[in-house]
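As numbered in mature numbering (1 follows the signal peptide of the UniProt record, and there is no 0), residues -19 to -1, 1 to 688 make up the sequence shown, in order.
Keep in mind that the hints were calculated from the coordinates and are not lab data. A hint or two may mislead.
Straight-line alpha carbon distances no greater than 30 Å define the calculated DSSO-like cross-link-like pairs of lysine-lysine that follow [what the hints assert, rightly or not]:
| hint | residue 1 | residue 2 |
| --- | --- | --- |
| 1 | 25 | 47 |
| 2 | 639 | 597 |
| 3 | 625 | 657 |
| 4 | 346 | 416 |
| 5 | 47 | 58 |
Quick list of simulated restraints, FRET-style, between CB atoms [claimed, not checked]:
| hint | residue 1 | residue 2 | range |
| --- | --- | --- | --- |
| 6 | 234 | 159 | 56 to 62 Å |
| 7 | 553 | 654 | 42 to 48 Å |
| 8 | 560 | 654 | 17 to 23 Å |
| 9 | 560 | 468 | 40 to 46 Å |
| 10 | 488 | 401 | 28 to 34 Å |
| 11 | 323 | 431 | 36 to 42 Å |
| 12 | 431 | 226 | 29 to 35 Å |
Nothing here was measured: the structure is a model prediction, and the numbers come from that model. C-beta atoms are modelled at their ideal positions from N, C-alpha and C, and glycine is treated no differently.
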Amino acid sequence: LFLFFPQVLLLACAEDLECVPGFQQKVFYIEQPFEFTEDQPVLKLEFDDCKGNNKLNFEVSNPDFKVEHDGSLVALKNISEAGRALFVHARSEHAEDMAEILIVGANEKHGALKEIFKIEGNLGIPRQKRAILATPILIPENQRPPFPRSVGKVISSEGTEGAKFRLSGKGVDQDPKGIFRINEISGDVSVTRALDREAIANYELEVEVIDISGKTIDGPVRLDISVIDQNDNRPMFKEGPYVGHVMEGSPTGTTVMRMTAFDADDSSTDNALLRYNILRQTPTKPSPNMFYIDPEKGDIVTVVSPVLLDRETMETPKYELVIEAKDMGGLDVGLTGTATATILIDDKNDHPPEFTKKEFQATVKEGVTGVIVNLTVGDRDDPTTGAWRAVYTIINGNPGQSFEIHTNPQTNEGMLSVVKPLDYEISAFHTLLIKVENEDPLIPDIAYGPSSTATVQITVEDVNEGPVFHPNPMTVTKQENIPVGSVVLTVNATDPDTLQHQTIRYSVYKDPAGWLEIHPTNGTVGTTAILDRESPYVENNIYTALFLAIDSGNPPATGTGTLHITLEDVNDNVPSLYPTLAKVCDDAKDLRVVVLGASDKDLHPNTDPFKFELNKQSGPEKLWRITKLNNTHAQVILLQNLQKANYNIPISVTDSGKPPLTNNTELKLQVCSCKKSKMDCSATDALHISMTLILLSLFSLFCKSFP
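Assemble the whole structure, with the sequences as input and the hints as a guide.
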C-alpha cells in the first residue's frame, strides 16, 4: 500500500487511536519486478507490540527472502520468480502477527487496487466515514494451544456510553460456531481453536457497535479473516494404479507416462509446489537407471539406448518404479508422498518364426482324413501378441487341395490335415513345402529366412478298399405289375485295389417290399414278386433298394450301391366312392340327398373323369336319380319323400383307364324323422327294408291276385 497510495494512511489510521499490537499494515501489494535484486530492500514492514518490541524475530515463507531488524524485506539472491505471495511472521515477547505480501503483474495492479478500495473492501474501509476500523486479520493454521488466542483488534471512535462491540457471521454465530469471539469492550478478536485452511480458507465476519439496548450505533463493517497456509499436507497420488507402456527398441527420450500428485495446501505457495523423483527401480538390469522423471512435469521417459530396451534379453518385461513427490519445491524440509509406476515393455515383431527342423515325416492310410502331423516352430516374441502367433501356408505339392494346415492357438503348432481322402493306387507319396509367418508384419529391417520354410514327406499306406458301384445311385424305369422273374437291370461294381486282382460277389442289402433278387456273380437284378406302384414302400413312384458288392480280400471289403426303380402306372385299381352313408328327413323339402365323390389310387389318365350311374331300379316307380356335377363328383336326388327306413341305392362308378375299371357299390340312405331341427334315425334300424324285400312282397301279392 505504501508503494501505491501513501495517502491510504490517512484513512487507515488516526492520531487519537490507541496502539494495536502487531503489524501496522497487514496486506501489501507490490508489482512483480523483472528481478528481485540481492540485498536490495523490497519494502519496509512496521511491527509494534506496544511494549518495546523486545526479542522481535521475523520469519519469511520463502527462504530466499529475509526481514532485517529495521523491518526491511530483502532478497538473499537475485530472484526472477518468487511466486504469487509472501508471508511474514513476526513474534516478540508480548505479541505475534502475520503480514501478507501479494505480488501482482503490471497489468494486474489496477484491478488489485480497485479490490483494496472497493466498498466493504479487504481493509474494511467504507465509502462513508465510520467510527469502526476493522483491518483484515491473518491467522496461521494449526496454531498450538493455549486458546483462546488474540489475533487482532477492532477499534471504534464512537464515544457513546455503554457502547460495545458485536461480532457475527460464519465462525461466530453461524456454523461452524464459536471459532471467533470479540471482547465487547476492548474490541480484541480471539480465536478459540486451531484452524484448518484446507477446510475453510477465509471467513467473512461483520462487526458493529451497539448501545446498551442492543441497537446498532455504527456498522456493520466487514472483518476479513484469512487462514495462512502451513505445509501440513503430504502430496498424494490419487489416480492409480499407474501403468505405462513403451515399445521395445524405442529411441532414448521416449515418453512412457505421466505421474501427477495432488497437494491440498495452498497452490500459490511452495507448500504445494511439487517436485518428482525416482526412488527405486525394480529390476535393476540391464541398467539401474532405465528411466528418468521430469521433476516438474512428472513425465517418465526412457534414458537407455534402444539396444538395451530389448524385451527378449530382459529378465522380465515389467519394471516397477517407486516415484516420490515432494512439496516445498523439493527442498529437504518438504513433505513427501510415493506411488508405484508399472512400466511394461511391449513387444514388436523383431523375431521371425522358425521351424524346429527342416523336414517332417507323416504316414496316413488311404481313404482316411484328419490331422496327420504337427509342425513345431520357435518364436522369441511375446506369446500373447500377433508377433508370436504363427500362420502356416502350403506353397507347393497340393494341386488337388487334399491337404490343409491350421494353427493350434495354444501351442502355435501347425496342424497338417488330410481333407480329401488319398488314393494309394494313384500316388503312394506326397511332398509338401510349407512356410510360416506371423499374424503381425515383421519390422522393416527384419525378414523371413530359410528356417521359416520346411518340407513334409507323406507316405500313403494301402488298405483293402470296398468295391465301387458305377453309377451310384443306379436308376431304371419299369411298369408296375411286370411278370415275376423279369430282369430289372445288371449292376456293375469295380475294385479300386487294381493291384490286388480280387473277385466280387453281390447280395441284396435292403429290399423293403421283398420284390427283388440279385445274381451273386454277374449282378443281374430280377423280380421275385409283382411290383406295385401303389405299395406303401413306394415313395413318389420310386422304389429304393440297396445292394452289396463284396471283394475277396482278407478281411473282405464291402461297397454299397443304391437302386432307384421308377414305377409306371397301369390301370389296376377300381375307383372308390365316398361317402357310403347319407341321411335325409322324411319330410324334407330339399330332396338333394348327398354329393358323392370318387377317387382312384392310379395316376392320370387312369383316374378321372369318372362316370356315375344308378344300377337298374326295379319296382312300379323310380325313387331317385344321380346327376354328374364335375369329373369327380355327382349328386343323388330323391324323386319323392320316403317313409322312415334304410334304403340301399345301387351305384356304379367307372374310371377313364384303358380298359376302364368299374366299381359297383351301394349308398346306404337313412330316412329319419325330424322335429324342431333334431334328426331321429333310431327307428330306421327296426324298419330296415331293402329293395329286394319290397319287390318280393309286391310280387307275392300280385301272384295271389291272379291264381
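Right, here's what the structure says about each hint:
Under the criterion of a C-alpha separation no larger than 30 Å, the hint pairing residue 25 with residue 47 is consistent with the structure, at around 11 Å. At roughly 25 Å between alpha-carbon atoms, residue 639 and residue 597 fall within 30 Å of each other, so this suggested pair holds. The hinted pair formed by residue 625 and residue 657 meets the criterion: a straight-line CA distance of about 17 Å does not exceed 30 Å. This hinted pair checks out: residue 346 and residue 416 have alpha carbons roughly 25 Å apart, not beyond 30 Å.
Of the supplied pair hints, the one linking residue 47 and residue 58 holds, its CA atoms being roughly 11 Å apart against a limit of 30 Å. Checked against the hint of 56 to 62 Å, the pair residue 234 and residue 159 passes, with Cβ atoms roughly 58 Å apart. Between residue 553 and residue 654 the CB atoms are about 45 Å apart, so this pair conforms to the stated range of 42 to 48 Å. In this structure the supplied range 17 to 23 Å holds for residue 560 paired with residue 654, their Cβ-Cβ distance being about 21 Å.
Range check, residue 560 to residue 468: about 45 Å between beta-carbon atoms, so the 40 to 46 Å window is met. Under the hint 28 to 34 Å, the C-beta atoms of residue 488 and residue 401, about 30 Å apart, fit the expected range. For the pair residue 323 and residue 431, the supplied restraint of 36 to 42 Å holds, since their beta-carbon distance comes to about 40 Å. Between residue 431 and residue 226 the C-beta distance comes to about 34 Å, which sits within the given range of 29 to 35 Å.
Against the hints set out earlier in the document, no violation occurs for any number.
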